[in-house]
Structures are given as structure tokens and as C-alpha cells.
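Using the sequences and the hints given, assemble the complete structure.
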Amino acid sequence: MTIKHLENYLNDRKHLTTLPLSTLSDSRLGIDASYYLQNLLDNPPTREPLLAATGGLPLALTQRIESDLRALEKLRIKPVFVFPGLIPNKRWKQPNQMENTEACRDRRDAWAKYEAGQEEAATKLFEGRSCMAQWDVWRAILRIFRHRNVEFIVAPYIAWAQLIYLQRHPKSYIHAIFGPTDALLYPGVDKLITAVDLTSANPTFTFTVKRSITSDLGVSEDQFLDIGILVGFEHSPPFPPTTHDQALKATVDMVKYYKSGHAAVAAFAEHPAVKTIQYTDHYARTRSMIKYSLILSSEGTVQPLPLAITTPPNQDLHEIFTNRLPDEIYFYLSRGLLGPQALVWLTTGQIVEAPPLDNGETTEYKRFVKEVITDGQTGPRATALALISSVTHPFWSKRLVTGHFWFDQPAPHSQKNVLHNSPQTVQLAERVSGWHVPYAIVEEELRRQNSSTIDFALCLGATTTDKLAQRTRSKPVERGQGPILDKKDEVVANVIWRFLELRGFLLNMHTHSPLARAMNVALKNVRVNDKFQDPLYLFLELVRAGVMHGHLWSGRAFSGGPSFGTVMRVLSIVPLNFKAQPWSAPLSRELLVFNSFVRSLTRALRTLLEVTSLNMLLRNDARRARDDLLDIALSLPFQTEVNTGFGVLAKVYLDALTHINGRTRVRDANAEGVQEAKALALDVCEETFSGVKYPKLEVERGFRFWDLLWIDVGCLETEMIGFRGRIFGDWGNVLMLPLDMMSMILGRMEGATQCHDSVSLMQEIHVVIGETIFLQGVVMEVRYEQAAAQSPILPLSTMFDYGRRTPELVMLDDPKAHNGNLYVADHKPFAVQVIQLVEAQPPPRTEVSSYEESSDYYSDSMSSCSDDEDDDEDCSSYCSSDLPPEEVDEPSAAPCTSDAPDTYSIRMKRILAWREDFSSQMSATLHDPSLSSPLKRKMNTDDDDLASQSSKRSRSLHSDSSSSRSLGEHSCPACDASFDSRQSFRQHGRDSQANEACCVAVDYAFE
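Quick note on numbering: full-length UniProt numbering labels position 259 of the sequence shown as 259, and the sequence is numbered without any gaps.
Just so you know, these hints were derived from the structure itself, not from any lab.
All C-beta atoms in this analysis are idealised placements derived from N, C-alpha and C, irrespective of residue type, glycine included.
Some clues are possibly wrong.
[Said to hold, decoys possible] Label-pair restraints from in silico Cβ distances: (1) Ala140 <-> Glu676: 36 to 44 Å; (2) Arg105 <-> Pro170: 48 to 56 Å; (3) Asp486 <-> Leu16: 47 to 55 Å; (4) Met98 <-> Asp245: 13 to 21 Å; (5) Pro483 <-> Pro423: 27 to 35 Å; (6) Pro170 <-> Met98: 44 to 52 Å; (7) Asp12 <-> Glu66: 33 to 41 Å; (8) Asp222 <-> Glu66: 39 to 47 Å; (9) Pro20 <-> Glu687: 39 to 47 Å; (10) Gln118 <-> Asp222: 49 to 57 Å.
Okay, structure coming up:
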């Protein structure tokens, strides 16, 4: 941000002058926003040292900014903030790899010290290693500016160039510049404010004068420009021959000797380091970039400085900056409609992905950020690029964009391009043309739903039925030929609708996909002030990506977990209500790993939303000449990013509750002493989280979110599977997915009805659980090229991440036709696990509304559970481990052996005990953790305890042979009733609502 070594020189030579800030009263102060934010984030008084350990945004930053704005307002100083825009082209590569390596090393060492109890040493290592991109905090800052009517502008490229233009404009938009010393390099800039102290009782500012500097150095203004480039600053590396501690003096002497920077560089043209980085060419480019900096003029055009230029600028400015985008895009950027991220990807041809705060050491995150977020043809980044290139010059649609990941360093010509111009992505981007919902319908929906905001709930509620969805449908029209959207509310609503279709939540006919139905039902139970809409959406996206589970990442256990892994991760998606002070509570490395998934997804979705609004304006679907662009941007979802706070709060509460209860599992929420234990656990949270507003209420809010997810999960089960499996537990025996449901849940268009399309879809997403697959009435056998080492029973959350084998499909005989559902079941044994092959007819579809109306499916409050699940399911208000954390066995990757317990006999004894009402035997069995019922929804420790998972695998191994004996008789072990077929036997278990023993017996028999 500043000229290297110059600040020390200014201090040593007394070239800095400090005056009272009141000197600038009744003036307009131009502020380089990036420089201002960098000072707040890096200086010790305002730096938050544990930001690298918690993720998210700085907690006290907004309060400090508001305090500074009040101080300026008190002195009658009008601030004008200028943010930097796109990144100019660079032929030289910054040492990002080295910096990333150093940051990862420091964070790794910091966690080692924290885990060893050396908290102070860990805090020092965490400081300054948050590696935060300032784009991430823009939305929070712009929201403050909007509320306080603070003027701002986003420059096309370099912020200080735009500040110089505003100062030199005939209308004098600003009277002074507060920014980095880089601004002194531009010809004619004489005075520059380098520091402002707004926190003292008597605010001051410090400035310098370039004339005194050049006079002291004995150089001309043009030579000072050469010296600044050769010494090095943000856009230029130091000149290799003079890279040392005394670089400034050596560079000044060299420029004086050779009379100019160009002559000095030419004299060292054969220097090995100079030739390696092609510094001669870089020097010329940097000089032109400074002298002809591009700015946004008051007429709305992007032009080079100075405007009253005597000689024509270089004709290759596109080589120095970027290829030119339409001026309209620069204008929308300047008013805060969108951030520069997507434009930078397109103009530079690179998507640079730095390691996350957890160092990105897990294979799951590497796959997620590369395949799901970036490279996927329907991923958010590729879709965002397609939305821009489809409404600009054809040059941009042919632009090659590649992903550069810190973990992947391919050869220069072997990098994989982001397929933003593939037919599938282009077709997806064109689907936004079907959304032109006028304000009359939006206003009607606001009244019908009794809502005052345009959000996910309103947009999903407006399309719940075919009749409602039909009102929103319009024939696709040529660009600019449809109705023009005028009001802000209808623009925001149509952006959200288009976004939901781009992500596969809404279908081509504007009806709901299973994900949308699940989210809509859950949103009907949300309290307005709980702020659950964004977390609910993120939860469903994470489930679809296969990363929402409670298992270890890459088989590695990180600190700060995993006693309640699934609960911790789920609740960490929810934003916690913090006080404006740095984090001072416990840390969790386990949650930081999961937070990397959440933050990466949030950023990508936020960028997609912004680009969707840009696409709407450039298509002329909405009125383009408007002054509410920032209001539109601030009304869209994903305004902020979460940290690990809520997950840590949940862990502390649940760990405290388990400890207070004598390290035993709480079976009954109304049992004696449970309420007192919960009160004590809440008191522990109150004492531990001093930086959280109302921790007790936040715990209650967190478990309300947990209850909502059960509604989500129930709806997904209803939509996707026909057996009584559990999303966080065992699948059961047969998974039945309609092919179009598979397509919809993956965010694809309806279809895939042809056999070859289905096979293609399966080969792409690797949804393979067993060995025999029934597709459109044709039986196919799947033969793997390489068998898996182990094959756990897959939950829904991991179903879409099962691609370690390449299937070969072989046509077999068709035993019987069916109705087009996809039946996936095991026919041949895996290397470790065997799941029984069971024939089944798809069950009747359950209406989604039943989950909303049923009080047996989910708990209405966090202090109650259904009576029939008290000993098989944790209460919705708390979860606890079967064993204390220190007594849980270490995870083992060893395969299951044949010495597994005879679970079939145990199950039969359990049913007989139930039938004969032997309460003593029943109690003993229920409290044996090794005899976990398959009806249990594994929500916490069973997901995290790999020992219990091994028990599941052993149980499956044995049940393959034992189940076959029981199924041959077709009789119910609970009531001795006989049945002619297995279908009627299964129906008996479903219809026996008054006899739960029959339900359990049938379930056991089919396992």
C-alpha cells in the first residue's frame, strides 16, 4: 500500500507534520478506503488477534468505523470514501506461494501451542494471519454508509487515481486526500495526509509535502516517480539489484547517476534477476499505469488521467490494465451493486484460491472448492461468469478462465479451464429470461403472506403451488423486449427467483424442487427475529454437496471436537449475536475446518446473486437509470459471513450439561434434576461467553434452528426415499429415487428420463450404493474397476460424494417392470460390507404438509420430545454423549471381523421382551450402547464415534445371512401373524400404528 522504506525516511528526516483535525473543518476529505481499512485491521489497538482462529468478520470493526464517522461529523468534515476496483494486469507474479506457506506454518504452530495450553504464544502467532480480503467486509461497511448517508465510490481500478481526479475536478469534489504514499508518485500531487487520529480527545492528522521530499533528495518530480517504482510499492516489485535494507538510498544514488529510471534499468538489463522477471518491460508498464491511470469521470465514462491530456495516451492500455468492459458495468460497480470479484475473474482470466484459515489440509475441502464451487459447469462461479459474458461483447464469452489453487500447481499448459462457456452453463444462464414478475404480483404476495420484506420465504411462498407458480411464468423474450421492472422490490424479488432457479431450487416451470419444498415448509415455522433463512439455505446446499455430516475430515480428528460433531457443525451455520468486542471464548479447530466450507460457499453464492442483478440490468429487464443500486445490493441474501461462534457455544453447553449430569446421557427431559442441570449449563455459557449478547437466549435460538432442520430432513426423506431410513443414520435396505427427483435434487433440469441419460447422470455424480441398479425397467449390474477398502452405510449427506470408483454398467435380464423409480440395492458383497438385496415397491408419496402438521415428527419446543423416542433419541433441547469424551475409544480404521455379536438373536429377544412386557429386560437392553436401535436418529456422538460405526458395519455383515432365514417364513416375530409375500409383510409393519413392537420387528427382519 505504501512506497517501501519511504515512511522510515519521512520520520527520520522530519518530513511529517501533525496538526489538529479541526483545521480541516467545513471541508470534504477524500479517503482511500482500502488504506483506511488496512490500518484498522493491522494496527494493534484495533486488530483482533484471534480472527484467524474463529473465521468470519472482525467483530468490533463496524463499531470503530461508526465512531470515526461520528468524530468527523462532529468536526464538520465530510468524508468521501473511494474503494479500489479491478486489478490491473501484472506480468510479474507476487510471492503468494511463499506468503501462503508462511501463514499456514504460523497458524499450524499457533494451534499446536493452543492445544498445549500456551494461549498467549498461540495468540501472538494468530495475529496478522487472518489473510482477510477486504472485499469480504465491504457489505457491512456499505450498510453503515447507507444508514449514515456517507458518500463513497468504487474506482474502476486504482483508488488513489480516482481521488486525484475528484480533487482536481473543477467542482472540487474533495479538498484533501488521506491515503498511501503511492499517491505521491502521480505528477502534480504535492500534499498528502498519511495518518488521522480520531480516537484521542483532540483528533489530529499528519501530512507530508512532496516538494520538501524531492528537495531533500535532490531529485526532480519525474525522478521521484522512477525512484518509487524501483524501490517497490503495491503494483511493482523492488528492482532486484537494489533489494536490501538501504534500498532507498541506493536507488536514489543510482537514479541520480543514470539521470533516469529507464537508463538505470537498461544498464542492468543483463542482470540474471532482471531478465528472469522481465523487469525492463514491467518498469515501462508500471510507469504508464501511473501516468495514465484510468478513472470514472463525472460523465460516467472510464478515461485515463489527465483528462486535459496534451499527448495521446498509449494505445495498448488494455495490456496495462485489462480489456475494456462496458462503461455501464464500471458505473454499477462504482455504486456498490456488485463487488469486483467476478469481474476480476473474467478480466484477469484467473480465479486464485488461497488456503483457508484451517490451511485447507482436508481432501474434502480441496474437492469442494475445486469441483463444486469453481470447476462445475453448474457451479456458482462458472454460472456467474456465464451471466456476465452472455450480456457483453462476444470476446468475453470466449475468454479462457482457469482456476489457480494453492494445493494444485499444474504445468502452465495443462490447467483446466472453468467451463463458463459450455453449452450446459450457457443454457442455464439463459433460463433467467423466464422471470419477469411485475410489482402487482409481488405486492399481492406481500399482503397474502403478511410480510414486509423480499426474501427467500416470500419468493418460495409465492410459488408453492402450480396455480401460484403459473402467475410468475412468462414466455422467454428477446433481451430488452419484456416488461421493464421498475421498483426496487420487484427487482430484488426477481433477482432472488432467478437465483433460486440457477441453483436448482426452482424448476423451469417455476415450481418447487424437493430442496425448495423442504426449505419452504421449514420457513413457515421460523420466527421473524431468528434470522434463519440464510442458514437454512446454506444447510441444504451443504447437504447437496455432501459435506453436511458429523464424520471426521480425511479421517483426522481436530481439536475442539467431535463430542457433538453434527450439532456443532449445524449450529455453526447460524450467525451469533456478538457484542462489539474481540473474541475471548474457547476455540475449536474442528469447527474452523467446517467454517471453511461455509465461508467459501457463502462468498460464491453472494457473488452469484450480485452478478444476477447485473445481468438483469444489462439485459434491460429492469430500469437501468436508477439511484437505488446500493439499496438493491443490501436487500439481497448473504450480507455477512459466520464464524465458529455458535458451534463453540453449543459445544460448551452440551459438554457442560453432560458433565453436570454425571457424565451420563440424559434420557428424559422431565426427569428429576434435568432442569437444574440445564440451568447450570446455561450459567456456564453466560460466564464463558462474555462477548455474546444474551448467551442463554442464543442457546434456545440455536436449538430452534435444530428443530427446523428436522422439518427439512423429514421433507427430504419424504421426497427422496421410500423406506424408513434416516438421513443422519442408517439408510435401511433399499433406496428408491425417482430419476427426475435425482436430477432435481442435484440442481439439474427435469428430465433424465431416457435410460442413457440416467446412466450418464450416474456416471457423472457417482451415486452408487450397491451392485445392481434398475433403470427404467431395465436391470443393470454395476461392476467396479477397483473395490473400495470399506463401504459404510451412506447417509443422504454423503450420497453425492461417492465417486472413488468408476462403474461399468452391464445389461441383465429384466425380472419385472416397475414404475420408473431408481432402485439402488446391494447384490454382491463389497470388500468389507454386505447390504442385503431387498425387492420393494415404491411406497405412496407422503404429503409434505404432514410434516408441518404432525406433532409426533418433531418437537414443538426445545424442552420436549415424543414419548416413544425418549430412550432412542436425544431431546431437541440438548444432546449428550453415551460416554464422556475422554472415555470414547480412539477412531480405528480397521475393518470389521467375524467376531461381531449375534445382533439378530439380541433383536429377537428384545422384541419378545417388549411383547411380554418384561420391563427389567427392556431397560437393560435400552441402556446398552452396543444395542443401538436402527430407529434412532444418530445426531451427535454416534456420528462422530467411529467405534460405533464399526459396530454398525459388523451388524450389517451378520445380518446378511440371518435376515435371509427370517424372510423366508414371512411371519411377524412380534404377533406371529403370517403373510403370503414380503410386500404384505412390509405393509403390516407400516400399518401397525397401535403396536409399535410389530413396526420394530418388521424393520429388524428386513435389515
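Right, here's what the structure says about each hint:
Checked against the hint of 36 to 44 Å, the pair Ala140 and Glu676 passes, with Cβ atoms roughly 41 Å apart. A C-beta distance of roughly 53 Å is found between Arg105 and Pro170, which places it inside the suggested range of 48 to 56 Å. Hint check: Asp486 to Leu16, Cβ distance near 52 Å, so the stated range 47 to 55 Å holds. Distance hint check: the CB atoms of Met98 and Asp245 are about 19 Å apart, consistent with the given range 13 to 21 Å.
The hinted range of 27 to 35 Å is satisfied by Pro483 and Pro423, whose Cβ atoms lie roughly 28 Å apart. Separated by about 47 Å at the C-beta atoms, Pro170 and Met98 satisfy the suggested range of 44 to 52 Å. Distance hint check: the CB atoms of Asp12 and Glu66 are about 36 Å apart, consistent with the given range 33 to 41 Å. For the hinted restraint 39 to 47 Å between Asp222 and Glu66, the CB-CB distance of approximately 43 Å keeps it satisfied.
Checking the proposed 39 to 47 Å range against Pro20 and Glu687 shows it holds: the Cβ atoms sit about 44 Å from each other. Taking 49 to 57 Å as the suggested C-beta distance range, the pair Gln118 and Asp222 conforms, at roughly 53 Å.
When the structure is compared with the earlier hints, no violation turns up for any of them.
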